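Novice: So the numbering used here is basically just the index in the sequence shown, starting at one, shifted up by 4.
Hints may be right or wrong, so weigh each one.
Pairwise CB distance ranges, derived in the manner of DEER restraints [what the hints assert, rightly or not]:
hint	residue 1	residue 2	range
1	A243	T217	18 to 28 Å
2	F72	Q198	47 to 57 Å
3	D200	S68	37 to 47 Å
4	E177	D124	18 to 28 Å
In silico DSS-like pairs for lysine-lysine, Cα to Cα no more than 27 Å straight-line [what the hints assert, rightly or not]:
hint	residue 1	residue 2
5	K129	K229
6	K229	K189
7	K90	K113
8	K129	K113
9	K90	K129
What the hints contain is simulated information worked out from the structure, not anything from laboratory work. Since this is a predicted model, take the numbers as computed values, not measurements. Built from N, CA and C at the ideal position, the CB exists for glycine as well.
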Amino acid sequence: MYTTGLFDDRKFFFRFFRIVGVLVFALLLSRCSSTSELAAVAEDQRPVNVVLMLGDGMGLSQISAALFQNDNALHMERMPVMGYQKTHSADNLVTDSGAAATAMACGQKTFNFSIGLGPDSMPCKTLVEVLSDHHFATGFVVTSPVNHATPAAFYSHVNNRIHFERIAADLVESDIDFFVGGGRKYFQRRDSDQRDLLRELEDRNFLVADYLTAELDQLRPNVQKQFAYFTADTRPLPASAGRDYLRTASWMGTRFLSRYGPEGFFLLVEGSQIDWVGTPTHMQHHIGTH
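All chains should be modelled from the sequences, with the hints used to inform the complete structure.
Specialist: Below is the structure:
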């Protein structure tokens with residue numbers, strides 16, 4: 005049985021996420037080309053489970069705003085190790101989510117709008133693909149469509165992030181075991197073909213559900229099947245309009261993947277809408293956030 009509903013933030017971050025060295029481990033694994041290289045990593049330096057938490061568009065200004073709003077205290081200040089990351093793309097000082105997420109997923113910078121490709125436009129092996137080769141369970145929870153730039157960079161390989169239907173097809177064919185987010189229309193009411201990707205997910209042993217059929221906290225995923233849940237037809241509601249599934253879905257993801265993966269798991273959790281609040285409307289349309 006899963007605990008659903010709201011739970012204490014402190015427990016959420018520090019009791020249930022058994023995480024150490026997330027980014028170091030991620031980059032290390034992305035460079036391991038064989039099982040022997042992976043085995044060479046000292047056992048006591050390898051976390052069993054990895055949760056990578058991203059705030060899309062969360063720079064120092066957004067962190068400062070959060071501090072001012074929360075009595076000058078944030079849980080992230082309790083992290084034992086902190087640092088900075090340069091997020092510029094290979095060809096521009098101003099990055100986009102595709103290039104930034106590809107750098108995290110593949111360990112190399114690329115051009116803006118690129119998804120899972122290197123600067124030479126050739127596919128780069130992503131962290132999810134490396135971990136799947138080593139029998140880790142993988143999943144993600146996002147407050148964007150599931151085929152949006154950040155999650156896509158971990159399982160897809162396209163030259164432009166706006167190819168939403170191609171990215172959706174890549175998700176179906178990927179090794180992702182658990183995902184929650186919006187974007188249902190790209191899987192069933194497609195313009196480019198007549199494929200029913202929801203049916204294809206079910207054929208690939210997924211339990212598929214959505215906001216029309218059941219509330220997320222009413223579901224009890226069975227680890228005999230993989231799990232997919234769509235929270236919206238296109239992009240999910242903002243938090244100010246009542247969208248509140250991120251914590252519940254993240255908790256559910258850790259519980260599910262810890263039972264599903266024999267070696268451990270990787271879970272990407274993205275607060276996707278920080279960037280949307282800070283991005284002009286005309287630019288949102290250009291990069292496909294509408």
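Novice: Now tell me, hint by hint, if it's right for this structure.
Specialist: Each hint, compared with the structure:
{"no.": "1", "hint": "A243 <-> T217: 18 to 28 Å", "result": "23 Å, holds"}
{"no.": "2", "hint": "F72 <-> Q198: 47 to 57 Å", "result": "51 Å, holds"}
{"no.": "3", "hint": "D200 <-> S68: 37 to 47 Å", "result": "46 Å, holds"}
{"no.": "4", "hint": "E177 <-> D124: 18 to 28 Å", "result": "23 Å, holds"}
{"no.": "5", "hint": "K129 <-> K229", "result": "26 Å, holds"}
{"no.": "6", "hint": "K229 <-> K189", "result": "23 Å, holds"}
{"no.": "7", "hint": "K90 <-> K113", "result": "10 Å, holds"}
{"no.": "8", "hint": "K129 <-> K113", "result": "13 Å, holds"}
{"no.": "9", "hint": "K90 <-> K129", "result": "21 Å, holds"}
Figure legend: structure checked against the earlier numbered hints; every hint is met.
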